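Can you make the complete structure from the sequences, with help from the hints?
Number of protein chains: 4
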Amino acid sequence: MAGNTTGNLFKVTTFGSSHGTALGAVVDGCPAGLELSSEDIQRELDRRRPGTSKITTPRGETDQIELLSGIFQDKTDGTPITGVVYNKDADSSAYEPFRNKPRPGHGDYTWTAKYGFYDYRGGGRGSGRTTIGHVIGGAVAKKLLEQLNIRVVSHVTQVGDVKAQHVAYSNIEEYAGQNMVRCADQKAAKIMEDKILDAKEKGDSVGGVVETIAFGVPAGLGEPVFDKLDADLAKALMGIGAVKGVEIGFGFQLAESTASVTNDEYYLEEKQIKTTTNTSGGIVGGISNGMPIVTRMAVKPTPSISTIQKTVDLEKMEETEIQIKGRHDPCICPRVTPVAESAVAMVLADHLLRSGFINPRHI
Amino acid sequence: MAGNTTGNLFKVTTFGSSHGTALGAVVDGCPAGLELSSEDIQRELDRRRPGTSKITTPRGETDQIELLSGIFQDKTDGTPITGVVYNKDADSSAYEPFRNKPRPGHGDYTWTAKYGFYDYRGGGRGSGRTTIGHVIGGAVAKKLLEQLNIRVVSHVTQVGDVKAQHVAYSNIEEYAGQNMVRCADQKAAKIMEDKILDAKEKGDSVGGVVETIAFGVPAGLGEPVFDKLDADLAKALMGIGAVKGVEIGFGFQLAESTASVTNDEYYLEEKQIKTTTNTSGGIVGGISNGMPIVTRMAVKPTPSISTIQKTVDLEKMEETEIQIKGRHDPCICPRVTPVAESAVAMVLADHLLRSGFINPRHI
Amino acid sequence: MAGNTTGNLFKVTTFGSSHGTALGAVVDGCPAGLELSSEDIQRELDRRRPGTSKITTPRGETDQIELLSGIFQDKTDGTPITGVVYNKDADSSAYEPFRNKPRPGHGDYTWTAKYGFYDYRGGGRGSGRTTIGHVIGGAVAKKLLEQLNIRVVSHVTQVGDVKAQHVAYSNIEEYAGQNMVRCADQKAAKIMEDKILDAKEKGDSVGGVVETIAFGVPAGLGEPVFDKLDADLAKALMGIGAVKGVEIGFGFQLAESTASVTNDEYYLEEKQIKTTTNTSGGIVGGISNGMPIVTRMAVKPTPSISTIQKTVDLEKMEETEIQIKGRHDPCICPRVTPVAESAVAMVLADHLLRSGFINPRHI
Amino acid sequence: MAGNTTGNLFKVTTFGSSHGTALGAVVDGCPAGLELSSEDIQRELDRRRPGTSKITTPRGETDQIELLSGIFQDKTDGTPITGVVYNKDADSSAYEPFRNKPRPGHGDYTWTAKYGFYDYRGGGRGSGRTTIGHVIGGAVAKKLLEQLNIRVVSHVTQVGDVKAQHVAYSNIEEYAGQNMVRCADQKAAKIMEDKILDAKEKGDSVGGVVETIAFGVPAGLGEPVFDKLDADLAKALMGIGAVKGVEIGFGFQLAESTASVTNDEYYLEEKQIKTTTNTSGGIVGGISNGMPIVTRMAVKPTPSISTIQKTVDLEKMEETEIQIKGRHDPCICPRVTPVAESAVAMVLADHLLRSGFINPRHI
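Residue numbers (UniProt numbering), protein chains in the order written: chain A, 1 to 363; chain B, 1 to 363; chain C, 1 to 363; chain D, 1 to 363.
These aren't lab readings, by the way, just hints derived from the structure by calculation.
Mixed in with the good hints, there may be bad ones.
As the list claims (entries may be wrong) - If you anchor each label on the Cβ, the simulated ranges turn out as follows:
1) C:Tyr169 x D:Glu315: 27 to 35 Å
2) B:Ser38 x D:Asp161: 45 to 53 Å
3) C:Ser170 x B:Ser38: 52 to 60 Å
4) D:Glu315 x C:Thr276: 20 to 28 Å
5) D:Pro58 x C:Ser170: 43 to 51 Å
6) D:Gln64 x C:Glu269: 42 to 50 Å
7) A:Glu146 x B:Glu96: 39 to 47 Å
8) D:Gln64 x C:Val261: 31 to 39 Å
9) B:Gln64 x D:Glu315: 32 to 40 Å
10) B:Asp194 x A:Glu146: 50 to 58 Å
11) C:Glu269 x A:Ala94: 54 to 62 Å
12) A:Gln73 x C:Lys88: 18 to 26 Å
Claimed, not checked - One side of the interface only, derived from the structure: several residues of chain B facing chain C at Cβ under 10 Å:
13) Pro31
14) Glu223
15) Leu353
16) Arg354
17) Gly356
18) Ile358
It should be emphasised that the depicted structure is a prediction, and the values quoted were computed from it without experimental measurement.
The beta-carbon is built from N, C-alpha and C at its ideal position, and this holds for glycine as well.
Structural data, given as structure tokens:
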């Protein structure tokens, strides 16, 4: 129990479910004196909001943030910042058929196995809507990171078997913002879009890969041997629904290489120590080295599909079949990008405080 | 600071460095009444011990465990279990040349950036020897898991570009134990061995992949939304030195697939709910579903190689070169297998306690 | 930073300030399946609500609870329970004079020293109103304790120099409920009431002692050596605003005694092990022994008084004087009783889960 | 379970029991670069060592510290500092009679109720010897506090009904060091000594009060609303064996007073904000105000006495009697003073780090 709080000094507690009254987050540990407005959070929530393009679910939620605490005269006051988003367009009727029939790929069965029963309406707290809490926490974290000129950017690098070409770091944010797939490689983006629409038409869904890069992170973040920066990033990213794999830097490619090829050698640039390559993704020995921090996560295809699927009736304890209608995302990757940024931003904010790069009392 | 403790209810704190007086671990939270002896821990330590084959470092350490507390009449007594291993064969001389010259791929520079100076002797606490603490904690965790007939098995599935063929779960432990590479695919093991010896000869090193499977884990483990079982496993595995990627189940393969192919459908087997496939690796929605839990981690090539490498002299702040002699592992994968088992076992022990599957007071 | 979460498995995070938008709490870790309604929480909030008698502040707050999450079909669903109370009658005007002039005895100065500035309106988060969060968490904890027939009762045993006579445990709750001072000794209650009204008339305030007793707590709660049950109770009670002392059992009286007098001897009652006396207050060696758990806390006089007081103008950094008008409690003890019950109930709920007396998954 | 770690950033984990192999502590989170030697720790251990005067137990332990990790070139290196003390003079024979007969006032019964059985030898981990771990952690904390010129001093202010007169803060440490009772009031010390020897002769024991004062603590320490500085101090002090009451500042005296008398008014002294009185004990609203931090704890008489006492035979489940021989302290207060200092020092070190007054990476 009690797994809804993350972070040590920058502590975020989230709550709420897909069809409950509201969702939200309490952000504790943000220093006082940080300028913060509802708009700062709304901007990020709008990026994960559904119904914004033809490749996302049509569920019509405005996801308006309401700040309940933590702000005094437009600045954080050192006390918990609480943001709430009320559910407006929850339609539970579509879920009645699954009351006792767990949907393959969803948490319905595992949550029932744990809690004895389950909020079958839209996945309850197992729903992707719970990432509203992540984004609220991430929005505050990002504002804090801005103080140190740290920027976190996510983009889609793969959809199904379509892989994006490498794009210069400086262009990723801009280019990825120019298409609904949020892929910085415009050519690939178009192909990805077709792939997603094709899956949508078939009532199927497709997976992908989301890369998140943090620029401007100082060397010295991370607390070996257990709270290494890469370890905490891995936990934060793997904890996002539908994520089944995480890489730092070259990740699994390194398994195929030799050290003579992959060791990042050191050199000096304007008295700054840098590495000629960045196979480590900016983290060595669990501590940041000042280079860009690069993470990638594997996102599975959203399990809600309209083909008939085999499952078990938990009440009658007999095998049965279900067919999911509802409103779903044929590929969740685009909408997951702000969530990945939030997850990384929260980890960085926590470690910046733990390592003393930010005054925990006030800006 | 303070990142050397892991777990919430099964809490393991480790200490010690490569060339210090000793290394060890304090295991707090193990229920009383569990039969535990030094042998139980020594057995696991021997599996990670160096100098056991021609593909590991010749550093001659017996790694004898000494139990300082927590055992009363051959059983745990509910108080912290402390195990210590004294360093015997530390040879610091070989490291003098690197006093101010960080070795590429090692934590030398990042630790210095953080702590202001660095124990250059064998990597200090950044050394792989710190995993002695992991293995002590893991050995206690494994004994606890035995009570619930849960078994954790690691094996090497890839070395460089050599990938092992799939081996029946029931044979993995036995087969992997029959070769020094700890690969269950005997044919591949031989090729891997040659690959490692070839790298060793060249003064180079090679990476690989280690798969860890947990059998017999009950459905219901995991604490969404942040302390999901897969999230905690990802943190534990990514936190092991040299690991740069983690997968659960089909991991990155899922990114290329569609839900119609990858959704694990449910069926009944002797009144037990099972899934026809296990692409999820036994974890859905962050909670275990009763199927085998499957994880894989990407291990980078050990950075200590004998070729000349570029680095920076931190004292003179000028570029320079180094050549590493010392005693090293051309491929760390085989020795990492017990560490991976330990990391997974500790996470499972913690979650079994958190979810109430084990009486926290006494067995 | 980040000190607004308490508990390990029964985790309560509170937020909000005296004159902000709202106050509330997120309760994480409550098992699923517990019947819980807004009424269960409202009942407790009404007991701490202001304006209920002539010895409390006239601030007119209805303190209506709104549940945002965690309940499904009238039962807890294993996810975070969020309760919010909106401020309705905040009147900041009265506080303008103290914008830069810290009120003696209040946290104004210390909070400013920490956060750089301060929400001078009604004490901001330093206000007693923040205990609304404690009471929400306590209300959920009490419902959980009911499952094990554990009852927590607070009553006022001293106001100024007026001390209550001992009252049989079985009568405390009933008798204390019959007077506005919440003192079980009806005779003393009348004198206490006069003392409080006398102080009120003089624009002064008076302190007191609140005793909290937990009945039905099983033997075996507490986690030595640091998380002892009495240690956690001491932290929870000392953490309540205005509390400056905590005792367990005979407390400071024991300092004057000898062991031959104070040792609680064991005997058998219907095969149950009990102690002939209870000087230990139900906790020995940091672990409960099955006897009633008895705590007492010293409550200082509420610092808001109308006499002229010396202070310092933080802006001009010169000595000055202030006179507080506003609306205040001449003795906070009666209203603190439900807060003390909540603090104790939350600690017990957490330890019952930590010690495995409650299934953490579901009731 | 898992209650043997304290602190968030300055994290201390202790282990070991009275008659086991060894006791010790792992201190994690101490910044690198702090000069620290075995002597620094031994000095503190010697102050709590038994057998140093005729009013302490004759158990002959030298309590020699051995440092296993965390020190590099005479300075802390940012990794866990581990200190171990081996038991040398454990005599278990005296405890055989209590194998199944819990001693009144000791944790024997409660630990058995929790763990199913109990290390009856000298109280196992329930023994006062476990405070060796506290003192190791405290010794490191004190070294860290020295960097900020913070001093922590404990002295005995009461033994039985003998109360010490107030002594000027500047003289307490010196005067208390001049007598075996560690009371700064030399006259009272003599009477206390007689009282203790008188109790010893009768095979009885006597309680007392220990006051601990921290000088030089900056304003701004404490994390409301739950991790207030006074709340954490209360937990740390109440967690020490035999402590049954804790006061901050005037504590229980405040319950009898009115705010017009007890409010600490502010004034300026060399541009520093101070209070004319210090009834608050240096903590207001849970945050330090820059004045000396004053705590007092009530210590119960050590329960080991030679008179015949009633108890229950846990095996036969029948009432019986025991008589304790063994070697004991007729008054534990003097030996508890360094433990109280350690408890306070650890809390301050943790909060100095949490509030950013110390660079967590290195001195």
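Open item on the list: Taking 42 to 50 Å as the stated bounds, is the beta-carbon spacing between glutamine 64 (chain D) and glutamate 269 (chain C) within them?
Closed with: holds (47 Å)
Task: Restraint check, 10 Å cut-off on beta carbons, for glutamate 223 (chain B) near chain C - done: Holds: closest Cβ of chain C sits about 9 Å from glutamate 223 (chain B), inside 10 Å.
TODO: Look at the Cβ atoms of serine 38 (chain B) and aspartate 161 (chain D) and judge whether their distance stays inside 45 to 53 Å.
DONE: Holds: the Cβ-Cβ distance is about 51 Å, inside 45 to 53 Å.
- [ ] For the range 50 to 58 Å, tell me whether the beta carbons of aspartate 194 (chain B) and glutamate 146 (chain A) fit it or not.
- [x] holds (53 Å)
Open item on the list: Tell me if the interface restraint on glycine 356 (chain B) is satisfied: Cβ within less than 10 Å of some Cβ in chain C.
Closed with: holds (4 Å)
Open item on the list: Please check whether arginine 354 (chain B) passes as an interface residue: C-beta within 10 Å of a C-beta belonging to chain C.
Closed with: Cβ of arginine 354 (chain B) sits 7 Å from chain C, so the hint holds.
- [ ] Classify the hint on isoleucine 358 (chain B) as holds or violated, based on whether any CB of chain C lies nearer than 10 Å to its CB.
- [x] holds (8 Å)
Open item on the list: For the hint 54 to 62 Å, verify it against the beta carbon of glutamate 269 (chain C) and that of alanine 94 (chain A).
Closed with: holds (59 Å)
Open item on the list: A range of 43 to 51 Å was offered for this pair. Does it hold for the Cβ distance of proline 58 (chain D) and serine 170 (chain C)?
Closed with: Distance hint for proline 58 (chain D), serine 170 (chain C) holds at roughly 48 Å.
Open item on the list: Looking only at beta-carbon atoms, does the pair glutamine 64 (chain B), glutamate 315 (chain D) fall within the given range of 32 to 40 Å?
Closed with: holds (38 Å)
- [ ] State, for the Cβ atoms of glutamate 146 (chain A) and glutamate 96 (chain B), whether the hinted interval 39 to 47 Å holds or is violated.
- [x] holds (44 Å)
Task: Outcome of range test on Cβ distance (glutamine 64 (chain D), valine 261 (chain C); 31 to 39 Å) - done: Given a distance of about 38 Å, which is inside 31 to 39 Å, the answer is holds.
In summary, this structure violates none of the numbered hints.
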